[in-house]
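Trainee: In case you want the letters, here they are:
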Amino acid sequence: EAGVTQFPSHSVIEKGQTVTLRCDPISGHDNLYWYRRVMGKEIKFLLHFVKESKQDESGMPNNRFLAERTGGTYSTLKVQPAELEDSGVYFCASSQVTTPVLSGYTFGSGTRLTVV
Amino acid sequence: AQRVTQPEKLLSVFKGAPVELKCNYSYSGSPELFWYVQYSRQRLQLLLRHISRESIKGFTADLNKGETSFHLKKPFAQEEDSAMYYCALKGQGGSEKLVFGKGTKLTVNP
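From first to last, the protein sequence lines are chains A and B.
Just so you know, we're using the numbering used here here: the first sequence kicks off at 1 and counts up by one.
Just so you know, we're using the numbering used here here: the second sequence kicks off at 1 and counts up by one.
A few of these clues could be false.
To be verified - Using C-beta positions, here's what the derived DEER-type ranges look like:
#1 A:80 with B:26: 30 to 36 Å
#2 A:97 with B:12: 34 to 40 Å
#3 B:67 with A:40: 23 to 29 Å
#4 A:5 with B:84: 20 to 26 Å
#5 B:78 with A:63: 43 to 49 Å
#6 A:8 with B:20: 33 to 39 Å
#7 A:2 with B:28: 23 to 29 Å
#8 A:10 with B:110: 30 to 36 Å
#9 B:29 with A:15: 38 to 44 Å
#10 A:16 with B:75: 50 to 56 Å
Since the hints were made in silico from the structure, they are not lab data.
Since the model is a prediction, treat every value here as computed from it, not as a measurement.
Just so you know, even glycine gets a beta-carbon here, dropped at the ideal spot from N, CA and C.
Using the sequences provided together with the hints, build the complete structure.
Mentor: Below, the structure is given as structure tokens:
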């Protein structure tokens, strides 16, 4: 099966611009997660979708971040306007089962975002 | 508050030597802990989980509630074990999120 696909793999944008990251989960996976790793810090949870619904968005840093999941398929994460501290690697993960944490996610390769 | 601490940012050992990657956690209640690994140019993937009490690629990890630790061990390190290792804790309150440590980069030298 195809894995979790993220694009772009890299993005360099200027402060104040808008960037949209995309994640295509494994087909049929209802659970979709976004995480990010800022340089020198731990990987942090951003939010969790179950199909098209936001199950938990407690990790979203502020209202400059907007996540959507159209029709319960792919997901986008938009940062508008981007700030320097948004630089990092954004990971997407998906899982089908009802206890995804215990069963393990399938992670994407990540999008490296650099805001200059 | 939930927290995972990996005190070693870098760890270097020689092939055939034992290796231990440390992980300590802070959690109220019964924790569910995991080790994830990211090999060079590969994706983050689950290595093992404490509830399974499994050994994967020769690695084991024992949950020690008294010391609030979940250290990852392997008796004889191999060069292909070189990777970034992350300890992670399942969030509380029914949450399905993971709380990660900062990771330890393991280098196994020939």
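Trainee: Look at each hint and say if it fits the structure.
Mentor: Do the hints match the structure? See the list:
1. A:80 with B:26: 30 to 36 Å: holds, 35 Å
2. A:97 with B:12: 34 to 40 Å: holds, 37 Å
3. B:67 with A:40: 23 to 29 Å: Since the Cβ atoms of residue 67 (chain B) and residue 40 (chain A) sit about 27 Å apart, the hinted range of 23 to 29 Å holds.
4. A:5 with B:84: 20 to 26 Å: Given about 21 Å between the Cβ atoms, the range holds.
5. B:78 with A:63: 43 to 49 Å: Cβ of residue 78 (chain B) to Cβ of residue 63 (chain A): about 47 Å, so the range 43 to 49 Å holds.
6. A:8 with B:20: 33 to 39 Å: holds, 38 Å
7. A:2 with B:28: 23 to 29 Å: The hint (23 to 29 Å, Cβ to Cβ) is violated, given that residue 2 (chain A) and residue 28 (chain B) are roughly 39 Å apart.
8. A:10 with B:110: 30 to 36 Å: For residue 10 (chain A) and residue 110 (chain B) the Cβ distance comes to about 32 Å; the hint holds.
9. B:29 with A:15: 38 to 44 Å: Cβ of residue 29 (chain B) to Cβ of residue 15 (chain A): about 42 Å, so the range 38 to 44 Å holds.
10. A:16 with B:75: 50 to 56 Å: Given a distance of about 53 Å, which is inside 50 to 56 Å, the answer is holds.
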